[in-house]
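Novice: From these two lone chains plus the hints, build me the complex, please.
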Amino acid sequence: MTSDNDRRRGLLARLRGRPAARSRGRRRLGAAVRLFAALMLAGGAYTVFAPGAQAQDNPPLTGAAAEGKALFDVSCVTCHGRNAQGVEGRGPSLIGVGAASVEFQVSSGRMPLARQEAQAHRKPPLFTDEQTRQLAQYIQELGGGPVVPEGDELREGGNVAAGGELFRINCSQCHAFGGGGGALSSGKFAPSLRPATDRQIYAAMLSGPQNMPVFGDNQLRPEQKADIIAYIQETLKHDQDPGGFNLGRYGPSTEGLAIFLVGIVALVFASLWIAGKS
Amino acid sequence: MKRRKFDLAATPGKAAVGVDDRFAVATPLRKLLNKVFPDHWSFLLGEIALFSFVVLLLTGVFLTFFFEPAMTEVVYDGSYAPLQGTPMSAAYASSLDISFDVRGGLVMRQMHHWAALLFMAAIVVHMLRVFFTGAFRKPRETNWIIGSLLFWVGFLAGFTGYSLPDDGLSGTGLRIASAIMLSIPVIGSWVTSSIFGGEFPGTIIISRFFIAHVLLIPGLLVALISVHLGLVFKQKHTQWPGPGRTNNNVVGERMFPRYALKQGGFFMVVFGVIALMGGLFQINPIWLFGPYEAWVVSAASQPDWYVMFLDGSTRLMPAWEINIPIGDGYVIPPLFWPTVVLPGILVGLSTMYPFLEARHLKDRKSHNLLQRPRDVPARTAVGAMAVAFYVVLTLSGGNDVIADKFQISLNAMTWAGRIGLLVAPPLAYYITYRLCLGLQQHDREVLAHGVETGIIRRLPDGRFVEVHQPLSASNGHADGHGELGYVGWVVPKKMNRLGALGPAIRGFFYPIEKPVEAPVSPGHPPVEARPEREAIGSGESRR
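Chains as they are written, first to last, in full-length UniProt numbering: chain A, 1 to 278; chain B, 1 to 543.
Chain B extracted, bound-state conformation (with noise of 0.2 angstroms):
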């Protein structure tokens, strides 16, 4: 029998055709390879918040391996000199193996609460992208439920992982939870009693919040960002306005192989920076806040920073207690309104603001294009006021730093913080409402009159006027007014933008094209035309 050649570049074609003989996956896989994402930096800040999590997920296992979620008290014989022979948790003892006697534990240890960190704070500035933007309207005001959704179970999670440590900082964050649960009217001893098995500490609280922690809230988050990334997938991602764009259509680069790339090689940069961060700047230092003991609470005591708007909240709260006299009386502690009516507010205003905003707009219609934040004043001006709100309460959950540091007196930050907690808002919705509408003006400016050119001249009767140079050739106008209507996108407003949407000179740090060369004859131009970009069609229509 005659041995056959093995062709070696057939290869993968064969293998591909034995799969899609068996699977019959050609079809939905061609289409998912040419799907087409838009391109735009701002796109790729959710990415950053799924690359951390994705981090997360690594190094919280590693975590696992080495991390005893118990209270089993032991006494401490690790390799951290000036807390041997201490009593602590189990817990605690196994953390600070992790950080001194596991190999590359403490790298670890710090890149997961980097990550955590880069998570909540990419998911707030991806939100902010998607708010000022308009992103959320129909179709996609799901996404934006479980968006806000993320935030709060990524907050949990936070919350629950904070807490596992056991060390000085997690026991007097846990202690302030436990009274805000206690707090609630009617529920709230049987609330705290229940979670914690008891009084505060008990015994119990590390392990429930061990398997809250690398079980059921990961588990949700990943529920909840896999329906996220569905839906994009699904209603496909909005797009700026721009040549070519159109509500119906998508115009960016295909799945594969540019788009993979480009997310694949994304994926390493956060993953390096993460490294970077866990392994150049200490975060939380457990051995110095000792084991957690009920009479130990360090100055600078804070949460981290996307909790620290609750304490900020609670420092600004004036001491209303209200006393019900009923029976033998009963008393709401002014802790209530600041740690559970408020996030209760928010968590309502956050998730229902897309519908909010379409019923006062009555607006049903599907929008698949961004706006520019400054072609919506009212939008941007009511996300600056949320901004506002929520900077300061975060700057005054972190007042006694800022107070120290400072030296400003800590009253003084308390009621700057009260007062600008009701004056920065406002004030933050007029400047920007402002801005806007100068903004908008500008550019209506430019697009009828054109381009400023920085030449002065001087009239025969004295007067001095600026030449402008038109965007668009005059039609008739002896001024050179044009009738450009705006499109919704970047109008170019300096001269070497002319002609082009992008910057004249391409490239990020460095150009990476020279300037063209003057042409050496009119016959010899030294520039070739750009070549026309066709539209490129993913095989499936929008609607």
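This is chain A alone, in the form it adopts within the complex (with noise of 0.2 angstroms):
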């Protein structure tokens, strides 16, 4: 009598079994079933779709880029990491530092480092100017940033008599008056002005590199900015020192040596040579 039964009942729920004897287990493992299956078509579409949606997003390398990645990978890499995402303990990521900030440090000579310390010191550079245009082009693709304007005499229309209140106001606390430099904190220091080009007084002050703050377009103006520069390069480097010898700039410290070795010293002779004259 099972038989007529189960034929009455259909194909479906033949092949299902009895409605007694389906589990609840049986239920869980149906429900798990659909579930992965679902997760799997969603997993699958988006990694036949995702792909194509960031390639849009990120344009291939421009070619001095490209020539700037393979610069870095080499001699950046070490501690930068890879795409410049920079490395725990050893260096900073550069991504958003921009273009200002690669050309000051690799064209003053501070990148590559010599050594981990408290700060970088300037170097003869170890890339041309073109190398430092790839690499500061890689790392503007990157991740964008402050950039530098271009040409050369970035000092161009500047008033050197602003410049020189703007100076006293935002720079002569660490770069002293004469732009020689000064100390900071733990052997930390604000480097002399005097071997600094305009483009890299500029992309320092807008890439803030270091200890330096960054002087950005909305502290100091890009015509402020050619001022200050202005104030540097022409008041600064080329001052006639109309008072003879400036014993440095540093300051009343070596004018007070200088009275010692110089005046005392002379002085000290003289009385010895008049004094033995008896």
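Note that these hints are calculated values from the structure, not bench results. If you're wondering where the values come from, they're calculated on a predicted model, not measured in any experiment. Where hints are given, some of them may not hold.
[As the list claims (entries may be wrong)] List time: in silico PhoX-like cross-link candidates among lysine-lysine, alpha-carbon distance up to 20 angstroms:
{"no.": "1", "chain 1": "A", "residue 1": "Lys-123", "chain 2": "B", "residue 2": "Lys-405"}
{"no.": "2", "chain 1": "B", "residue 1": "Lys-405", "chain 2": "A", "residue 2": "Lys-188"}
{"no.": "3", "chain 1": "B", "residue 1": "Lys-405", "chain 2": "A", "residue 2": "Lys-237"}
[Claimed, not checked] Across the chosen pairs, the derived CB separations fall in these ranges:
{"no.": "4", "chain 1": "B", "residue 1": "Asp-363", "chain 2": "A", "residue 2": "Pro-242", "range": "53 to 59 angstroms"}
{"no.": "5", "chain 1": "B", "residue 1": "Ile-211", "chain 2": "A", "residue 2": "Leu-257", "range": "28 to 34 angstroms"}
{"no.": "6", "chain 1": "A", "residue 1": "Leu-261", "chain 2": "B", "residue 2": "Val-222", "range": "25 to 31 angstroms"}
{"no.": "7", "chain 1": "A", "residue 1": "Thr-47", "chain 2": "B", "residue 2": "Ala-412", "range": "54 to 60 angstroms"}
{"no.": "8", "chain 1": "B", "residue 1": "Ile-431", "chain 2": "A", "residue 2": "Ser-186", "range": "30 to 36 angstroms"}
[Unchecked claim] Sample of chain B residues facing chain A (criterion: CB under 10 angstroms; computed from the structure):
{"no.": "9", "residue": "Arg-103"}
{"no.": "10", "residue": "Leu-106"}
{"no.": "11", "residue": "Val-273"}
{"no.": "12", "residue": "Gly-397"}
We put the beta carbon where it would ideally sit given N, CA and C, even for glycine.
Specialist: Printed below as a string of structure tokens:
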């Protein structure tokens, strides 16, 4: 009699078996299988479509940037990591620092760093101007950031008097009244401005390297930056020192040294000479 | 009437007789011109200070013709282009005019500043000479006190002068001075507001400092210097012990003509050195510092060297603030200790030292003979300790420049200064004391055994001994030991110095006399004996 009953219930029901025999465990297994299938579908769709969408956001590197990346992967990657994402304890991420920062650090020889210490020192640059530009382009295309305007003579049109006032307010605290630099805490320092070019000073103001604050365009407008550069390059570097040898422009410290080493020494010799004439 | 013949040769004599008839000055003048000054190079250090003070007066008078001591705001339109159109005080504008538009103004300003630095440096060097040779002992304690006061008054003169140009550096110094005054408990705010005429910087401070700098302080300096020199005259100069020199006489040169000529020449040398420095070395380029604004403070803003020790003590002082819970609470800032208390202690110690030493040694005698530093190890060592203390503070005053230029961490410099301030003075004391004892011992050794000849002799038993040349004829001792006493003066230690106190070949840069040639025959000695020197009296006795 059982087979008659089966026939009446239809094919699907027969496949499922008897309703009373369908356990809770089997119901749960079915739900898991359905969920798995749905996830597979969604994940599959993502793997098919997502890479296409990302490629549309990040256009491929331009020629210069690709050259820069090649240089980066040889000289900078040790500390700044793959794709300039930084290495913990070695070098910071360069995403978003901008071309200005690269230009300052690389063209002044500070990067590549000779060794890890309180602050990078100026050295003869390792890369040519062209290579520096390529590196800067690569970092710029990675994450954007401030860029130094075109041209070598960024002081053009700058007003020396206005620049002097801005320099004394904003720069002389660390770089000193004569631009010779000064000490900061724990071995850090504000370097001398004498070897700096127009572009390096501009880049430093824009990017705030090492311990220097950033002087963005809303703190110092581009024409004010030109004033400051004009003051540094035309007054501080070309000041003829009307008073004679400037003793390094270190302020009263070297003047005190000079009065003992020159004045007192000369006069003690004079007194030895005079007293010897008896 | 027969015209009298004019006798040119007799004119000065006649005129002198005429003057003496009227004023009766011959006797006191003779005494003055015959006054004897002992001669040693170290006695000329104080003169450097005196002569640079004269240069200060001369150049300072020139500067007052052009300086405008006012804080009125003007717009600069002088010839220094990078400041044209900048608003500034009249004082700063006139300082710039002195530097750029007054003929010879810059060299005068620089000579004035260098002369000020030299004045203070010479005072310190002179003071060290007086200290280390014991010249401050009775009866000259008063002159020591006056000398110490001269340093502190000179300090004030320097500070007020440094503040006058009203450039960025002087304003920064003034700001620190006002903070120091404010830190004095209870009276600080009153002192500050009465000096500045209200809040810092006010509008009156430059005029007040000007009158202090050109009238009050120089007047005080002139008065102190006059008393200082008058006392040297009255009490007579000390002298080194030596042949014929005792505690009761003065051996040296008469005031006129030799001493006066030498001093006149030395004045010219001092003037020349200051003029050369003023022309060759740039000092305080005020045009680079710009006009003072409260928000402009340059790196490497230091005071002149003689104030730098206070800057150093401030930099080394830990930030220990004392809160006293009275009323709303009262605070003694840490600045008070290194800049008010420390100089107070230094003034007290330095002026009182002669009395402290006399009390310690129970020494109530008058001393006119100097002591060699090695013969008084304790005093010399105390002096070295004071010098070490001062040098550590002064170097710490410029520690940011040192840190920057020698690439040392500024924090390391500060800690080196803190530790050095505690460690260096005792170390200097110990080392100096041992050096003095060693030098003393060597003197005694040479007196007892003679000078090293460099001749090594081998004895029959194989030992080597060095032959010594005794300083005097041996009196019975087989090994040449004499019994020479130490007289407190240089003991010859080289063979070619024997027989004379000075070097065998005289001359400063090159020999002024040829070394004598060997005698042709014993009968013809080529060298004549030196003429005997006689003591020259000044016509007055010491006591």
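Novice: Determine for every hint whether it applies to the structure shown.
Specialist: The hints, checked one at a time:
1. Taken as a hint, the A:Lys-123 and B:Lys-405 pair is honoured in the structure, with Cα atoms around 16 angstroms apart against an allowance of 20 angstroms.
2. A C-alpha spacing of about 12 angstroms is found between B:Lys-405 and A:Lys-188, which places the hinted pair at or below 20 angstroms, so the restraint holds.
3. Annotation: proposed proximity of B:Lys-405 to A:Lys-237 holds, straight-line Cα distance about 19 angstroms (limit 20 angstroms).
4. A beta carbon spacing of about 56 angstroms between B:Asp-363 and A:Pro-242 agrees with the range 53 to 59 angstroms that was offered as a hint.
5. For B:Ile-211 paired with A:Leu-257, a C-beta distance near 32 angstroms keeps the hint of 28 to 34 angstroms intact.
6. At roughly 30 angstroms, the beta carbons of A:Leu-261 and B:Val-222 sit within the given window of 25 to 31 angstroms.
7. Taken as a hint, the range 54 to 60 angstroms holds for the pair A:Thr-47 and B:Ala-412, whose Cβ atoms sit roughly 58 angstroms apart.
8. Remark: the range hint 30 to 36 angstroms for B:Ile-431 to A:Ser-186 is upheld by a beta-carbon distance near 32 angstroms.
9. For B:Arg-103, the shortest C-beta to C-beta distance to chain A is roughly 13 angstroms, which exceeds 10 angstroms, and the interface hint is violated.
10. Nearest Cβ of chain A to the Cβ of B:Leu-106: about 6 angstroms, under the 10 angstroms cut. The hint holds.
11. Annotation: interface hint on B:Val-273 holds; nearest CB of chain A at approximately 5 angstroms, less than 10 angstroms.
12. Interface hint at B:Gly-397: satisfied, since its Cβ lies 8 angstroms from the closest Cβ of chain A, which is below the 10 angstroms cut-off.
In the structure shown, a violation is registered for the earlier hint numbered 9 alone.
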